[in-house]
Amino acid sequence: MIAIFFKRIILAIPVLFAVASITFFLIKLAPGGPFDADRAVSPQVLKNLNEAYNLDASNWEQYLDYMSGLLRGDLGPSFRFPGRSVAEMITTGLPVTFELAFYAILIALLMGVFSGVLAALKRNTFLDFIPMAIAMIGICVPTFLMGPLLVLIFGINLEILPVSGWGQLPGDKILPSLTLGFAYAAYIARLSRGGMLEVLNQDFIRTARAKGLTERMVVVKHAMQGGLIPVVSFLGPAIAGLLAGSFVVETIFQIPGLGRFYVEAAFNRDYTMILGTTIFFSAMIVFFNLLSDLAALWLNPRSRDAS
Amino acid sequence: MKNNSLWSDAIYRLTRNKAAMFGGLILILLIVSAALAPWIAPYSYSYQDLNLGASPPSSDHLLGTDVLGRDLLSRILYGARISLLVGFVATGVALVIGVSWGIIAGYAGGRVDSVMMRIVDVLYGLPFIIFIILLMVIFGRNLWLLFGAIGAVEWLTMARIVRGQVIGLKNQEFVLAAKAMGVSNLSMFRRHLLPNILGPIAVYATLTIPQVMLLEGFLSFLGLGIQPPMSSWGTLIKDGVESMEEFGWLLIYPGITFTITLFALNFFGDGLRDALDPKTTDN
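Quick mapping for you: the protein sequence lines, in order, are chains A and B.
Read left to right, the first sequence gives residues 1 to 307 (the working numbering).
Read left to right, the second sequence gives residues 1001 to 1283 (the working numbering).
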């Protein structure tokens, strides 16, 4: 286990380094400087700006500069918002995005595992078909449609929940979390149903039943541990998907999180912000993938004993 | 049932599957109407009836008009062209990269295989959506770039599937015999390996199309994909959201069209998978 952990971490370092380098040079390829959009900037002002942001130095120098800053956790100043650093903006937006992602995952796990396990146990009955049909809807209705629809129904027509914001009005966290969590609930429901069906047919379940364990014990203690491994493996990649979802959800609901900052940075051509967040997102996703792989390994008794 | 029993069997099973056939029917309908959009659409996608503004569905404009007085039905039809085109072309790109990568890795085996698959593993763990956004920001929002960028992201799973299949095939007698007869690598891939893995490829390609369309919709929704006056379903939904409080139909109709298409693709893909590989039906 520990050996695998360190091997993966050592592998992750050059990957992140490559991501940072490639992103840096990609951005250098971009046509037009970051200040082009602002009209009526005198050449002198432009020159000062370039100097302040070190844009006059050679690409190579800028690269070394940036990378050494990166090692110290310094992601440079934002191009668009003078006086604010990228690291500062990430630390402002991150807690919000984390909170949103946490609620979404929580909703997804609760809804998904419950309905998936239930569907597997009551296979080919009403309790199987209905949740799976709803799951299909969750997979086919994209987040960017689900969000507005929920707003339209609960926010505008029924007027029971706020239509935007985060932590300003009571209940304004419900719709964003639900929007983001629903699609994952659908995937998790399908995965846990599939995983459970596979496990429920195995010999050790029959043994457990033959020992006279209650059905509840068989399901909770024996079947779910193996049956939910696909769900655990899915959680790592799901974090990456949640991130993309957070772009949409934070834009729809006007939430001041990292996702919205990123989308705004992309629109404003705020290059240092794009660069910094890309590297940060990559690091985060590599880390969560690592965690979910390790958890899946640990849950699977075969690989646990082998290592 | 004469020469290719796998496929004729599969088609038989597919035609028995009502959900899949229904999905397929909707898809054919959509593709045909998208292809014929310039002839069957009542108006041009950019024609503005400024007297109207946003008007609810009526006999002149079956699905109403948007805030600029453009006919929504026509825009959905023209949008279908873009959305489906992105879906198919980007899937095609993913297919070419993924299949080549998987065949080479699986067939070569050994060190080449492990290096190639390591690369896939590493790429799997990266937030590709961000790189697509990055590319769109840097190189402008260009339709062909969008195809390439999405295709370049979606090939990973295809490579894994194909590699697994090729490894299973590579030690079978007919491949060994072909090898012993001195068949070149290229014709080995083309004549012996590829035809035997077409099933899984077809299934996965069908299931990739909705993912690609979702990705395009997502980018267009954020304003980073298709640019006006062109419209895809993603941009129509985006426009619909902006005015949904007063003009709900502008969100509802494009949304329904998009969702139905994704349903159809998923049902058809699932049906195809079950038809080609009855063993997996249970999952």
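Read the hints as simulated data drawn from the structure, not as lab findings.
We treat Cβ as the ideally placed atom computed from N, Cα and C, and that holds for glycine.
Wrong hints could be hidden among the right ones.
Said to hold, decoys possible - Okay, the calculated bits of chain A under chain B, using three or more residues with CB under 8 Å as the criterion:
hint, stretch
1, 146-157
2, 164-175
3, 256-267
To be verified - Covered, in the sense of this in silico footprint (three residues per stretch, anywhere, with C-beta under 8 Å from a C-beta of chain A), are these stretches of chain B:
hint, stretch
4, 1220-1227
5, 1236-1249
Hints and how they fare:
1. 146-157: holds (count 5)
2. 164-175: violated (count 0)
3. 256-267: Since three or more residues must qualify, the claim that chain B covers the stretch 256-267 of chain A holds, with 4 doing so at under 8 Å.
4. 1220-1227: Satisfied; 4 residues make the cut.
5. 1236-1249: Coverage by chain A holds for the stretch 1236-1249 of chain B (7 residues, Cβ < 8 Å).
Hint violations for this structure: number 2 only, all remaining hints satisfied.
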